[in-house]
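Enquirer: In case you want the letters, here they are:
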Amino acid sequence: MTLSDETLMAYVDGELDEKARVEVEAAMRANPDIAARVARHQALRKRVRLAFERVVDEPVPERLVAAVREFPIVTTRENNVIPLRRRKPPRKWSWLEWTSMAASVAAGVVLTLLFVGHSAVEPITSRDGHLFASGSLARALSNQLAGRVDTASASAPVQIGLSFRDKGGRYCRTFALRDASALAGLACHSGDQWRLEVLARGDYRADSAAAQYRPAASSMPKPILQSVEDRISGEALDAKAEAAAKDSGWTATR
Amino acid sequence: MQDSVAQLREQIAGLLPRLRRFARTLARDAHDADDIVQIAVERALTRLDQLRPGSQLSSWLFGIVRNAWIDEVRGRARQGRIFAPEELGAQVGEEPLGTVADTLAVQNALERLPQEQRIAVGLVLVEGLSYKEAARIMEIPIGTLTSRLARGREALQEMLSDTTGALS
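Sequence order for the protein chains is A and B.
Under the numbering used here, the first residue of the first sequence carries the number 1026, and numbering increases by one thereafter.
Under the numbering used here, the first residue of the second sequence carries the number 214, and numbering increases by one thereafter.
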């Protein structure tokens, strides 16, 4: 009987059923050649496994534990499919986009953004399938002028990027959370609230704390810049127009 | 939900040692390997909805690690970046020299395998997964897995035959 190497490997890997296993073992007894081949495969398997054995005993780097414990997640209450439209993320940014279409599909599904280990007041809440700014993010969007970090809300400082009017006359602003979530997004003011149109997540792989909390306007993720392009009417607001818009309570005008 | 999410986080944390080990079979540099794990964990947490009830968390995570690695390799190829230099000195620890030397020999050999063979070897030989699980993770039929595994093993056997394995 001839036995292929693949069969002998499967034997070594414990993948053969009872009958085939008995056959291989009989062949090993009858033929020293086959026994030697099996031994060779066994030795390689063991050798490769041992070469990496040590890794599981190493202490896990703190940054990985922190990523598992603290990385914000998006999920649905029933663990259903999240009705967001996903696009293939570019290399450095993973992102989720809320669109009106997706939102209508999402009606009735309550999205929860969990910021475990973060501030008691979540910067983002959901209602009727839409996400809205709350807490420190809502305050920053309403009160903060671009380029300033609101240090008063130290738990989740927010940086504001661009402010502009969209094609429907609403005021919209880009923002970045300078915390471990490294979330950045675009919010538009409608009905007294800041509705989140786009959210993107930064990549905080870098080890230094400074590099983790990266989002400055210049490093705004591409999908957000793209959605600004798609929505903007005219130019972005300059400092004066921004201050005036803030004083008007960000009321949409045509 | 919050509870089950917290539980999931704990389960993932418990799998970190194995995820790191698997990543180490893919990326030679330990820091690169941990980067892959971090990317994978973050991806996993944003895609918990894709975790089907009853499916195994570890398999799902191994798959995400694998995909993260493939993306990383493609990204680097695009950028023309080379991998971080080997830090041989840093890996020599308290272990008996034979073990460390053999580990290096195995890592060197593994590194020279084609991507998909290396992944197959990592999942089956290092992580001890079944063919079925490994094939599912790699999104290939079992027959494809076993032939990749066989080719990978033959190549390893050949490369390692002239080095002394610290095995009886």
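By construction, these hints were calculated from the structure, which means they are not laboratory data.
Treat each hint with caution, since some may be false.
[Stated by the list, open to error] Computed footprint of chain B on chain A, listed as stretches where at least three residues anywhere in the stretch have a Cβ under 8 Å from a Cβ of chain B:
no., segment
1, 1057-1071
2, 1079-1093
[What the hints assert, rightly or not] Here are the computed lysine-lysine pairs in the DSS-like style, where the Cα-Cα straight-line distance is at most 27 Å:
no., chain 1, residue 1, chain 2, residue 2
3, A, K1265, A, K1192
4, A, K1044, B, K345
5, A, K1071, A, K1044
6, A, K1071, B, K345
Here a beta-carbon is modelled for each residue, glycine too, at the ideal position from N, C-alpha and C.
Enquirer: For the pair we were handed, A/K1265 and A/K1192, check the Cα-Cα distance against 27 Å.
Expert: holds (20 Å)
Enquirer: Under 8 Å between beta-carbons, do enough residues of the segment 1057-1071 of chain A, three at least, approach chain B for the coverage claim to hold?
Expert: holds (count 6)
Enquirer: For the pair we were handed, A/K1044 and B/K345, check the Cα-Cα distance against 27 Å.
Expert: Roughly 19 Å separates the two Cα atoms, so the pair holds.
Enquirer: Please verify whether A/K1071 and A/K1044 have alpha carbons no more than 27 Å apart.
Expert: holds (25 Å)
Enquirer: Are the Cα atoms of A/K1071 and B/K345 separated by 27 Å or less?
Expert: Since the Cα atoms of A/K1071 and B/K345 sit roughly 20 Å apart, the hinted pair holds (cutoff 27 Å).
Enquirer: When I compare C-beta atoms, does the segment 1079-1093 of chain A have three or more residues closer than 8 Å to chain B?
Expert: holds (count 12)
Comparing the model with each numbered hint stated earlier shows that all of them hold.
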